Structure formats: C-alpha cells, structure tokens
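Here are the chains, one letter per residue:
Number of protein chains: 2
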Amino acid sequence: MITVIVFGNGNMAWHLCNAFNYCKNVSVVQQYHHKKQDNKFKDFQIPFTNKLQHLKKADFYILAVSDDSIANLSAGLPVFEGIVLHTSGAVSIDALHKKNRNGVFYPLQTLSKGRKIDYTEIPICLEAQNEEDLTLIKELAGTITNNPYQINSEQRRTLHLAAVFANNFVNHLYEIAYTVCEKEGIDSSLLEALILETAKKAIDIMPANAQTGPAKRRDQETMKKHLKKLEGKQELIYKTISASILDTYGRKKL
Amino acid sequence: MITVIVFGNGNMAWHLCNAFNYCKNVSVVQQYHHKKQDNKFKDFQIPFTNKLQHLKKADFYILAVSDDSIANLSAGLPVFEGIVLHTSGAVSIDALHKKNRNGVFYPLQTLSKGRKIDYTEIPICLEAQNEEDLTLIKELAGTITNNPYQINSEQRRTLHLAAVFANNFVNHLYEIAYTVCEKEGIDSSLLEALILETAKKAIDIMPANAQTGPAKRRDQETMKKHLKKLEGKQELIYKTISASILDTYGRKKL
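Line by line, the protein sequences give chains A and B. Reminder that position 62 of the first sequence reads as 63 in the numbering used here, one-by-one numbering, no gaps. Reminder that position 90 of the second sequence reads as 91 in the numbering used here, one-by-one numbering, no gaps.
I should point out that these hints are in silico values taken from the structure, not numbers from a laboratory. Among the clues, some could well be false.
[Stated by the list, open to error] Pairs of lysine to any residue, SDA-like flavour, derived with a Cα cap of 20 Å:
#1 A:25 x A:53
#2 B:201 x A:190
#3 B:184 x A:151
#4 B:117 x B:45
#5 A:201 x B:188
#6 A:240 x B:236
#7 A:100 x A:53
#8 B:201 x A:113
#9 B:52 x B:77
Here the structure is a predicted model, which means the values were calculated and not measured.
Chain A with its partners taken away, still in its complex shape (with noise of 0.2 Å):
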C-alpha cells in the first residue's frame, strides 16, 4: 500500500483525493490545510489536519497549493523519510526546502472540483533527483495514469507555457466567440459542435494541417467585414492573431 497525504483545498488536491480513492493500492491517509476543510472533500472521508505537527507518516507528501505557497511550506515542514511533491507546471524542483526527499508530480490538466475526467488520459509530468525516488514517484503516477511522464524544470516550464496558450488562450477566445454570438442575439450554443470538432482535427491531423480562415486564404475582404463588427481588446485580438497567420502561411506560400 502506498500511503499519501494530499496539501491543498484547490481543485489539484481535490481530483488528486479523488484519484487516489479510485487506487486499490494508493491510500490517502490524510489532508492537510492551514484553514478549513473545502466542503467539496467531505465525501472522501479522509481524516484532516491544519496543524503540521498532526501531520502523520507517508510515502508521499503532496503539496497541491499555490506556486507562490510551495517554497514556505516545504520549509516549515518536519523531517520526513517520505518524498515532499509539489503539481505546480511553473516552479522548479529547487523551490522545495532541501531538508526533504523532493520531487514533481504536474497532471497536465485543467482541474475543477467535481468535474469528471478520465485520469488514465492525463500525462503526469514527474521530476526527481535520483533514480530511486524517480522510480517511486513514478509508480505512484502509475496508479492514476496510462502516461507517467519524465521532464526536467526547464521542459516543465515549457509545457506549462504551451498549455496555457492551448487552454487558458483557446478558453479566452471561445468566451469571445460567445460574446460576439450573444450580444446579437445569437444562440452561442450553435458554436458547440465547432469546437469539439476543432479540438478533434487538430488532434487528428495536427494544428498546421487543420488552420483555414480569411487570415489564411488572404480574404482581405471578409477581414474588413469582421473588423468592422468589433472594438477594444477583442479587435486587437482579431488583428494580432490574424497577423500571425498571415505571417506564419505567408512564408510558406512564396
């Protein structure tokens, strides 16, 4: 049996409970959090703390809290035999306190509580700084993932920088694309359908294959049209983002 205790009241620590609770061999057998308890993990029935010195014996202690929280908490925890991980996609393995075995455990994932998702598709991104606590770790991604993943700092910062362009970005540009359809009276669930089949052929066939649009064929025209219909941010985004279409399918043309 491994034995984890999850950090953190946010979404990454509540699909980690939620996981977990899934894994035969995985028990969490605690959940720490300075403040009280998310009503949302009550169902887990796992036993919590806010205090460090309750804190109980693990295999892992997983920090699921904010970038900005990691480094002083790792600090102000005991000495433990078990490894200290933290899910952040944007901080070094470096910002864990050196006093504790270290590791990253990033699901690259958009997590919200209570959200259903198959876990087994999600690439856990896994740092460690031997071997043998490479080895543990990823045997711990095992028990949620189909694709333990193994990268260093740097990479991770990399992919953390690539999702945010394909979700928080994509995410940003469907509330436009909703927006515009509402403000006329549109049904923007007429845009559904899009989306996912976006998503799918990119996939499928990838991004470079898949892009169409006036920016693409060079339609001027219908460019103009479009422009004339928006204002403020959402124009400089339609400008920006057609630019770099023309720029990116322009060179490839001559």
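With chain A held as given, fit chain B onto it using these hints.
For chain B alone, kept in the frame of chain A given last:
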C-alpha cells in the same frame, strides 16, 4: 425525392455530396465545376459537368464555391425553377443574382475532404426570401442535420466572425502550443488530453466559468517567466490575450 446539383470542387462541395449520398430522399443528380473534377469525388459516382449549358433540372442548385465566385457564378446561371443556394458564412443572400429564387445554406463546421463527421450535429444556418422557399430549404437541411437554424445575413456574418475566433484562431493557438513544445524537444501529443478537455469543459460550463491561468489570477511572476521564452508574434499574442483576460476578470473582481 429531392434533387440537388452541387457546384464546386472543394471541402464544402465534398461534404455536401457525401452527406446527401447517405440520404434516402435526396439525390445529387449532378456536380458542376468549371475545371476538372477532383479525384476525391470519383467514389460518389455523381455525373459531372464543367459546362453550365449541360446543367440538369433540380430542386436545389447549391453553390459551394469560394466567396468571391458566388456573385459571378449565380449571374451566369440559366433561369431555373429550383432554388439557388450559397453556403458561405460571410456573403449576403443579396450576392445571388435575382433572376432565380435564392437562399443560403451555411453549415457551421470546419470541413475537410475525406474526414468523417457526424452531420446530424452540425447547425445548418438557413435564409430564404420568402416563407415558401424557407420551408423547402428547411426540408433539405433536415435530411442532413437535427439542427436547422434560420438566421438573416447580418446574424450569419456575426456567427461567422464568432466561428473565426472559435475555430481559426483557436487552431492557431494550438499550433503555437505545439511549436513551443517541439522547439524544446517536448512531445506535443502531451497536450492532446488538455485540448479536448478544454473544449468539453467550455461547452459544459460556459467559457466564462472555465477560465483559469496566470492572467486570470494576476500571477505576474509566471507571466514574466513565460514572456522570456517567447518572441515576435507569439510574444505579442501572449501579451494581447493576457491583457484581455486581465481586463475581463479585473473588472469583475473590483
């Protein structure tokens, strides 16, 4: 039996031929293109012509041609009893020559020849010049989709603009995300689960409820680190979209 002639040789024409081929009560009696027929249409075994004077009689003449060609092609057609439709998101119904009954048949989807798609899910946006024609065009759309949707030319232009954000621009962000990974030797397929879940989540809970990331939480430190890895158009896109997210959620926060 509804009879249809499909004009054009591209992705839209291909998918119309393909979709109608599955319909028991629609027959594509002819395909027209001013040049040679694309080989990918051969399997449909639809009689092909490149001469307007050889066109047969049909209930619908669907101009699945480029936006620029719609006006000229419709002006060059004989006078028919049937209805002439175009399939463009960006072109007004008025571009079609008045000598024939006219309408619009705009499937809101990204279409590539040969790619399998569930046609029943695609919203087909319809426009006609009178109720009688609209009923006929709706009947035609109903043979393909469960989502026929009547909108006027102005609304269709807005929807097309929204689709540029949700499809063309989103795909370009995918391409940047892939490029960022590949530049540092990271397997871009790691992004696939994230891309798919981002799309599904936005559809399920609305994009405004799904927004996360450094810009949303005003994490200047992470944004600075990300910007160090970017240059040129990618840097500009990062800054522009982040500013728009800050703007959108900043105001809500205050």
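Going through the hints against the structure:
Between residue 25 of chain A and residue 53 of chain A, the direct Cα distance comes to roughly 27 Å. Violation of the 20 Å bound is thereby established for this hinted pair. Among the hinted pairs, residue 201 of chain B with residue 190 of chain A is consistent with the structure: their alpha-carbon atoms are about 12 Å apart, no more than 20 Å. Restraint check for residue 184 of chain B and residue 151 of chain A: the C-alpha separation of about 17 Å stays at or below 20 Å, so the hint holds. For a cut-off of 20 Å, the pair hint linking residue 117 of chain B to residue 45 of chain B stands: about 15 Å separates their Cα positions.
A threshold of 20 Å between alpha carbons decides the hint, and for residue 201 of chain A with residue 188 of chain B the separation of about 18 Å falls inside it, so the pair holds. Using a Cα cut-off of 20 Å, the hinted pair residue 240 of chain A and residue 236 of chain B holds, with the two alpha carbons roughly 14 Å apart. Distance check on the hinted pair: residue 100 of chain A and residue 53 of chain A sit about 16 Å apart at the alpha-carbon level, within 20 Å; holds. Only pairs whose Cα atoms come within 20 Å are accepted, and residue 201 of chain B paired with residue 113 of chain A is accepted, the gap being roughly 13 Å.
Taking the CA atoms of residue 52 of chain B and residue 77 of chain B, the gap is near 11 Å; set against the 20 Å cutoff, the hint holds.
In this structure, only the earlier hint numbered 1 is contradicted, and the remaining ones agree with it.
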